[in-house]
Amino acid sequence: MTKTPKNPVEKSAPRKGLTRREFTKSTAAIAAGTGLGLFGGVAPAFAQKREVHHLAWNNFIPPADDVTREFAAAFEKEAGVKVRFETIGQNDIQARAAAAIEGGAGPDVLQLWWNHPHLYAGGLIDHSAIYSLDGGGDVFAYQQDAVIVDGVPRGIPYYGIGNLMAYRTDVYRDLGIGIPDNWDEFLAAGTKCKAEGWPFGQTLGHTLGDAPNFAYSLMWSFGGSEIDESGKVAVNSEATRQAIDWMKVAWEAAFEPGGLSWDDGSNNRAFLSEQISTTSNGASIYFVARQKEMAHVADNMSHYLYPQGPGGRFCVSVPQGFSIPKYSKNQEAAMEWIRYLLRPDNYERYITVQNCFALPRAPGLEDHPMWTADPAVSLYRDAAKYSRSYGWPGPFGRGAAEVQSKYIIVDMFARAVQGESAQVAAAWAEKELKNVYGA
Amino acid sequence: MADTSAATARARVSASRAGEKSRTSWLTTQLEDERVLGYVLLVPAFLLIIVFIAYPFALGVWMALTDKVVGQPGSFVGLANFAKLLDSDIFRTAAWNTVFFTVVATAIKAALGMWLAVLLNRKFRLSRVTRAAVLLPFIVPTVLSTLVWLWMLDGTFSVFNWILRWLWDLELSVFGLVVKEDFGYIRGPNWLGDPAWAMGSIIMANVWRGLPFFAISFLAALQTVPTELYDAAEIDGASGWRKFWNVTLPMIKPVAIVVVVFSFVVTFADFQLVYVLTRGGPYNSTHLLATLAYQISMHAGNLGEGAATALFMVPLLFVVIVLQLTYLRRIGVD
Numbered sequence: 001m002t003k004t005p006k007n008p009v010e011k012s013a014p015r016k017g018l019t020r021r022e023f024t025k026s027t028a029a030i031a032a033g034t035g036l037g038l039f040g041g042v043a044p045a046f047a048q049k050r051e052v053h054h055l056a057w058n059n060f061i062p063p064a065d066d067v068t069r070e071f072a073a074a075f076e077k078e079a080g081v082k083v084r085f086e087t088i089g090q091n092d093i094q095a096r097a098a099a100a101i102e103g104g105a106g107p108d109v110l111q112l113w114w115n116h117p118h119l120y121a122g123g124l125i126d127h128s129a130i131y132s133l134d135g136g137g138d139v140f141a142y143q144q145d146a147v148i149v150d151g152v153p154r155g156i157p158y159y160g161i162g163n164l165m166a167y168r169t170d171v172y173r174d175l176g177i178g179i180p181d182n183w184d185e186f187l188a189a190g191t192k193c194k195a196e197g198w199p200f201g202q203t204l205g206h207t208l209g210d211a212p213n214f215a216y217s218l219m220w221s222f223g224g225s226e227i228d229e230s231g232k233v234a235v236n237s238e239a240t241r242q243a244i245d246w247m248k249v250a251w252e253a254a255f256e257p258g259g260l261s262w263d264d265g266s267n268n269r270a271f272l273s274e275q276i277s278t279t280s281n282g283a284s285i286y287f288v289a290r291q292k293e294m295a296h297v298a299d300n301m302s303h304y305l306y307p308q309g310p311g312g313r314f315c316v317s318v319p320q321g322f323s324i325p326k327y328s329k330n331q332e333a334a335m336e337w338i339r340y341l342l343r344p345d346n347y348e349r350y351i352t353v354q355n356c357f358a359l360p361r362a363p364g365l366e367d368h369p370m371w372t373a374d375p376a377v378s379l380y381r382d383a384a385k386y387s388r389s390y391g392w393p394g395p396f397g398r399g400a401a402e403v404q405s406k407y408i409i410v411d412m413f414a415r416a417v418q419g420e421s422a423q424v425a426a427a428w429a430e431k432e433l434k435n436v437y438g439a
Numbered sequence: 001m002a003d004t005s006a007a008t009a010r011a012r013v014s015a016s017r018a019g020e021k022s023r024t025s026w027l028t029t030q031l032e033d034e035r036v037l038g039y040v041l042l043v044p045a046f047l048l049i050i051v052f053i054a055y056p057f058a059l060g061v062w063m064a065l066t067d068k069v070v071g072q073p074g075s076f077v078g079l080a081n082f083a084k085l086l087d088s089d090i091f092r093t094a095a096w097n098t099v100f101f102t103v104v105a106t107a108i109k110a111a112l113g114m115w116l117a118v119l120l121n122r123k124f125r126l127s128r129v130t131r132a133a134v135l136l137p138f139i140v141p142t143v144l145s146t147l148v149w150l151w152m153l154d155g156t157f158s159v160f161n162w163i164l165r166w167l168w169d170l171e172l173s174v175f176g177l178v179v180k181e182d183f184g185y186i187r188g189p190n191w192l193g194d195p196a197w198a199m200g201s202i203i204m205a206n207v208w209r210g211l212p213f214f215a216i217s218f219l220a221a222l223q224t225v226p227t228e229l230y231d232a233a234e235i236d237g238a239s240g241w242r243k244f245w246n247v248t249l250p251m252i253k254p255v256a257i258v259v260v261v262f263s264f265v266v267t268f269a270d271f272q273l274v275y276v277l278t279r280g281g282p283y284n285s286t287h288l289l290a291t292l293a294y295q296i297s298m299h300a301g302n303l304g305e306g307a308a309t310a311l312f313m314v315p316l317l318f319v320v321i322v323l324q325l326t327y328l329r330r331i332g333v334d
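Those protein sequence lines, which keep their order, are chains U and G.
When we follow my numbering, the leftmost residue of the first sequence carries the number 1, and every step to the right adds one.
When we follow my numbering, the leftmost residue of the second sequence carries the number 1, and every step to the right adds one.
Don't read these hints as lab results, they were simulated from the structure.
None of the hints are false.
Here are the simulated DMTMM-like cross-link-like pairs (lysine to aspartate or glutamate), alpha carbons at most 20 Å apart as the crow flies:
| # | chain 1 | residue 1 | chain 2 | residue 2 |
| --- | --- | --- | --- | --- |
| 1 | U | 431 | G | 87 |
| 2 | U | 434 | G | 89 |
| 3 | U | 248 | G | 194 |
| 4 | U | 434 | G | 87 |
| 5 | U | 431 | G | 89 |
Listed next, the stretches of chain G that the computed footprint assigns to chain U, with coverage defined by at least 3 CB atoms under 8 Å from CB atoms of chain U:
| # | stretch |
| --- | --- |
| 6 | 154-168 |
| 7 | 290-304 |
Note that the coordinates shown come from a computational prediction; the quantities given were computed from them, not determined experimentally.
By construction, the Cβ of each residue, glycine as well, lies at the ideal position given by its N, Cα and C atoms.
Using the sequences and the hints given, assemble the complete structure.
Structure below.
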């Protein structure tokens, strides 16, 4: 009996779903395609649009971030590079940067604070190719020190944040207080204000900006320093102990005790809610008061320079810069983006939108009307003149960054205001500093 | 000729099938052996442990023996990182804080958890809703709930202090008789700014978050205790306390030990709570080993020193776990 062949039409009739063989074939094809993409295959031309991921902090002046987003949109049209601008809390920038560099993946531009490029130098590219462009050669020294590691720029300075004393003009006027020029006058003013329910506010907590800004400035103005010019630990000096003693007295007499747990935003909130009369800050309190139409605060506040002490008058201006990590596959595009941000017209707009909060990275904008338009903040123009960097008068290097990251100088003052003697607090700091500097 | 090649081909096919059959039967035979199958089934879990636990741990140990910083390869420095840490007052403070925080928080959670479980084990209206509600602090993401604590304990705007001030200022009189007079101004505790209050605050927040785990675990254990035992105890005239001590506690002891040790380990390595509330301040008085390791490695960039800090947690936790396992084996719970 002849076997009847199967009907070919029937054999190829459509079926529901996939056969196992078809499924295997198509899965293999997809896997191969994906594999190519993952392991070195070239993506199709339509997917090759360049992209830059820029990580920055949540600027205390929100319009600055809005302007950057506008720049990003314009830059995409102009250069064909899509910029993903991500902002996070300032205290989280370091963790993100460290994790990205170690993991070899992450943002293409890291907007680092202070001299943190010193901490991550091994993972950051040499920025020499674009460093001297757009006025880079004239950048203020404290900003250059922040990014130049062993003679190699590991970042591009962007701007600084000036620090002055924000104060309530009406409170000072009512209490007959003049602008304090030195720490004794400052203490006398604070004592008067606190007695009337208007204490001074200052954080001595573990927070990146305001706490170290105040603690270092105070120590320097009494003549103290963490290390000397040669880099030798010098904190346990008579000058430092005097600064600590002053702080102990002042904390009790003039300051709001809650400051020991404040972060960088706490004093802003306390000032805006009229809980304190004076605090060390950038121009952000004033900016927010104006922006939120809190006229009773904005119309009754101004700023003065940090008081001077036996060692002089000092403050800290916080440098910020861009750093491109070595792992970035978009280094060229990232450099283009940075150059775009530093283009004079863009840069001027970015600085001026912050209304004296941001200090330009280089001379050239001193005569801008911004500085004289509003007397309440015009003094910020002089902040850079008194600015020093952590580690001063020693090098602004890795050791200084580590000391700041561990809050050793801040904690030295915090321990004292909680009861330790100046001798014990300074000796404690000396031991911890030697642990960092190894000398 | 054609016949010969056909025969050869048939022989090949037959040999190949025989080979396949013999391989299949060998594999089947092997897998039918439970000792072999057991190991085969363990392979996926073993691989997971290697990739996600053993490798990171070994890497951490290696890193702790180097001077590695972010972005640069480290070189071997032996035990230098450990020596540096032991010489640091910040590290010793953090180590002591970790032990104190863990022991106190776990003890409070165990005591309150047991109390809550006994209450929840009773039958009352809306008992099921109450049991579900108790779990809420455990369900809410830790960072989110800790942010709420941060606001409640704020140095300037603490709601606790606001209530305290309101009560302090309150004047109460009944029929002209002053029950409470205005006590004048009170600032209230400096919750996160004073070292003792700050430690108390992080313990309070940890207890709030961890209590449901204890309560629900103990409740589950309580429900397995046969009621006959309580009936017998009652017939013998045992008081409530006596019943708890002589019936409840021995019956739920194996579960209780597992829960306490598990919580001990998790509390010991707590990070989020302190990071959000105090970041280790004021002056390191709330730093735990986990937050200090994070600060040293991620903020100061010293990965070697940070890894060494984290490794200091291992010996103590190891001892705790060994004691737990030994005890559980002794009482026959494997």
